[in-house]
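**Q** The primary structure of each chain is shown beneath.
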Amino acid sequence: MSDAPGWSILQIVADRLAAISVANGYYTAAGAHIDTERVALDEADTFPRIALAEETMTTLAQTTAAINSAMVLCAEGYIPVGVDDAEYQAHRLKADITRALGRVKSGDFEGIENVRVTQFEVKGDRPTLRSPEGVAFIVVQVRVTVTFAEYIPPATG
Amino acid sequence: MSNAFVAKFNALIPVFKAVGLADSATYTAPGGATIVCSVMVDYNLQSIGQIETLSDKQKLITLFKAEIGAPVRGAVVVVGADSYTLASRTIDDDFTSVWIANQ
Numbered sequence: 001m002s003d004a005p006g007w008s009i010l011q012i013v014a015d016r017l018a019a020i021s022v023a024n025g026y027y028t029a030a031g032a033h034i035d036t037e038r039v040a041l042d043e044a045d046t047f048p049r050i051a052l053a054e055e056t057m058t059t060l061a062q063t064t065a066a067i068n069s070a071m072v073l074c075a076e077g078y079i080p081v082g083v084d085d086a087e088y089q090a091h092r093l094k095a096d097i098t099r100a101l102g103r104v105k106s107g108d109f110e111g112i113e114n115v116r117v118t119q120f121e122v123k124g125d126r127p128t129l130r131s132p133e134g135v136a137f138i139v140v141q142v143r144v145t146v147t148f149a150e151y152i153p154p155a156t157g
Numbered sequence: 001m002s003n004a005f006v007a008k009f010n011a012l013i014p015v016f017k018a019v020g021l022a023d024s025a026t027y028t029a030p031g032g033a034t035i036v037c038s039v040m041v042d043y044n045l046q047s048i049g050q051i052e053t054l055s056d057k058q059k060l061i062t063l064f065k066a067e068i069g070a071p072v073r074g075a076v077v078v079v080g081a082d083s084y085t086l087a088s089r090t091i092d093d094d095f096t097s098v099w100i101a102n103q
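Chains as they are written, first to last, in our numbering: chain A, 1 to 157; chain B, 1 to 103.
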């Protein structure tokens, strides 16, 4: 059996975020480290990096053959900052994530079995999370909404 | 706070250094002269992030007023190979001034 629809979509989005590199024309190299499982980080880890996770999953409608859902994914970026460049670095990382997600198209998900993504859009809040003073990192978030239909195959057993 | 009590506390500063609670350092206010002093460096763990938890060490620098008077924001404290810029005052009493610092 193929992976769960939400997970399959998330993995494809993660793969697109992995394109974020200076060589590809982005400001940062955050694409080198994309986490899709939640882990605890500290200063010994490699930065910048991005975590991608489902924030909400909502059922929009159900028919006899399919369930239509909207999934909100949050890409959270972490980047080290100096004494006087926190906002500067935050804007660069946020721009990178936004651009990479903005390049994702509904057709990128065509390979997922029994799933049709009907809409993929960068949507919702894109905040910079305030760090306590003296903390040498800043965190940014970018959200996307993925609307998709999951076709329900007949039961086999 | 009585002067006698303040004097007794200040007499402990060399003891703090002798037992390893404090380090030798230099303090330089913006545009000021460098002063040799003693400091305590502590770390307060702070967590940021909502998907993942990123913990980082917030640096707390304790300075002794008997050695440098009233510390100011933006002053640079050098302890060995580490340099800290005082960012935000968190405790200030008759003896000490504790600052969150950027490293």
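Don't take every hint at face value.
[Said to hold, decoys possible] Calculated lysine to aspartate or glutamate pairs in the EDC-like style (CA-CA distance at most 16 Å, straight line): (1) 57(B) with 42(A); (2) 57(B) with 43(A); (3) 57(B) with 133(A); (4) 57(B) with 45(A).
FYI, nobody ran anything at the bench for these hints, they're computed from the structure. Remember, predicted model here, so these are calculated numbers, not experimental data.
**Q** So, for every hint listed, does it hold in this structure?
**A** Verification of the hints:
1. 57(B) with 42(A): holds (9 Å)
2. 57(B) with 43(A): Holds - the C-alpha atoms of residue 43(A) and residue 57(B) are around 8 Å apart, at most 16 Å.
3. 57(B) with 133(A): holds (11 Å)
4. 57(B) with 45(A): holds (14 Å)
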